[in-house]
Amino acid sequence: MRLALLALLTRSPAHGYELKQDLEKLLGAAYPQPNVGQIYVTLGRLEKSGLIEGEDVEQSGRPNKRTYKLTDAGREAVLAWFEDTAEEPRVRDEFFMKLALAPQSGLADPIALINKQRRQYLNTMRDLSKLAAAEDRDNKISQLLIEGAMLHLQADLDWLERCQEELE
Amino acid sequence: MSDDATAAPAVPTARPATPIVRAEGLTKTHHGEGAPVPAVRGVDLSVQPGEFVAVTGPSGAGKSTLLHLIGGLQRPDGGKLWIDGERVDAYREARWAVLRRRSIGVVFQFFNLVSNLTVADNVELPALLAGVSPKAARDSRAELLAELGLEGRERAMPGELSGGEQQRVALARALVNHPALLLADEPAGSLDSKGTREVLRLLTRFHQRGQTIMMVTHDARMASAADRVISFFDGRIADDAQLGGGRRPGPSGGVSGVLELKE
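Line by line, the protein sequences give chains Z and F.
Under this note's numbering, the first residue of the first sequence carries the number 1, and numbering increases by one thereafter.
Under this note's numbering, the first residue of the second sequence carries the number 1, and numbering increases by one thereafter.
Hints were generated in silico from the structure; no laboratory data involved.
Glycine is no exception: its CB is placed at the ideal position from the N, C-alpha and C atoms.
All clues given are correct.
Partner residues are not named here, just some residues of chain F that face chain Z (Cβ under 7 Å, in silico):
id : residue
1  : Pro58
2  : Ala220
3  : Arg221
4  : Ser224
5  : Val229
6  : Phe233
7  : Asp239
8  : Ala241
9  : Leu243
10 : Val255
11 : Ser256
12 : Val258
13 : Leu259
14 : Glu260
List time: in silico SDA-like cross-link candidates among lysine to any residue, alpha-carbon distance up to 25 Å:
id : chain 1 : residue 1 : chain 2 : residue 2
15 : Z       : Lys130    : F       : Asp192
16 : Z       : Lys130    : F       : Glu198
17 : Z       : Lys25     : F       : Glu260
18 : Z       : Lys140    : Z       : Arg11
19 : Z       : Lys140    : Z       : Val78
20 : Z       : Lys98     : F       : Ile237
21 : Z       : Lys130    : F       : Phe206
22 : Z       : Lys140    : Z       : Leu26
23 : F       : Lys194    : Z       : Ala29
24 : F       : Lys194    : Z       : Ile141
25 : F       : Lys194    : Z       : Leu153
26 : Z       : Lys130    : F       : Arg205
27 : Z       : Lys130    : F       : Glu260
28 : Z       : Lys130    : F       : Pro49
29 : F       : Lys194    : Z       : Tyr31
30 : Z       : Lys130    : F       : Gly164
31 : F       : Lys194    : Z       : Leu151
32 : Z       : Lys98     : F       : Glu260
33 : Z       : Lys69     : Z       : Glu53
34 : F       : Lys80     : F       : Gly42
35 : F       : Lys194    : Z       : Leu26
36 : F       : Lys194    : Z       : Ser129
37 : Z       : Lys140    : Z       : Tyr31
38 : Z       : Lys65     : Z       : Ser12
39 : Z       : Lys130    : F       : Glu147
40 : Z       : Lys140    : F       : Gly195
Construct the entire structure; sequences and hints are all you get.
Here is the structure:
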């Protein structure tokens, strides 16, 4: 979340709750939102490392709110973030280890493991389809997030199919 | 779904209703140029009225053959088959043709519309063949085409339509006689993602109204629209899973787990 918050602050200074709302609006209801507490903690750390600067703004009848702006070092960090390519997603390591070790252990049948895992993926796929249908159609970012999750899951299901073909 | 569901076949809650499809030891071997290839190897299966069942599996697993056996498009080498309580495995083509007209609608990957008939005639033809009056056939056709968003396309020829539109016409044709069972063989297999979503939305809608559907697909996203998924491997049912229903995803699993963006 660190860099997402920094990137949001490139537009203009903002306080923690605004940033939470911006994230929600951008990513849609589908995205599991960080709670506002997590956001304040992260902002505190970013300030300590000199990437943002906080300033207290007085509010009548309420506690002060702290508004943050990006420092030059923060802007550099965002630039470097955009510069880097992201890491590739990884194979489901834990399931793969179970599958690899099941025959030796004698405690689980690989095909039963595959079937169980497939059921979970299919159910999640179903939930994602429902979520996509419920989510605002015009929020492209949110729809793409869900579609991305579905395509990853599809790949995992294809891979399970390959495992089953080879191991049966 | 409970964790121990793996062992138990996904039998829908016990009901006295006659299954729409019941198969026992269904077998089919293809005799091509090389050695005989067993495509369906002793399948037991029961589909209850109102179920939406997807059959998935790798290509060559025999899932399309299974669907073709159930629709009488191919004949089994062995085993028994009932459609809506009627034993049909020994039927010859003429009786199958009557049964399909009355009780089974079929949608194929490549639509299989009659290319020199208009959209309207393609949809009305099976109704007329079933002995419905021309007026009633026209009415059913008009209703279905409107429902499928094809109003105004009645006079078009299939070749003038997009793939997605052609598949919707094929769906109207399959449903015009109100079949007890709709069979769909890779119904989105030759469509783009927009056409795929459209077909899926329509199948889901007809299912919600009570249409029994059996669909073969290699696409997990399609399959997850069904409420029961049969995984077919090497001519056999490897798993038969009921989707939905009381699943409690753990904190790191389920839908929020797959959507969380990690840095």
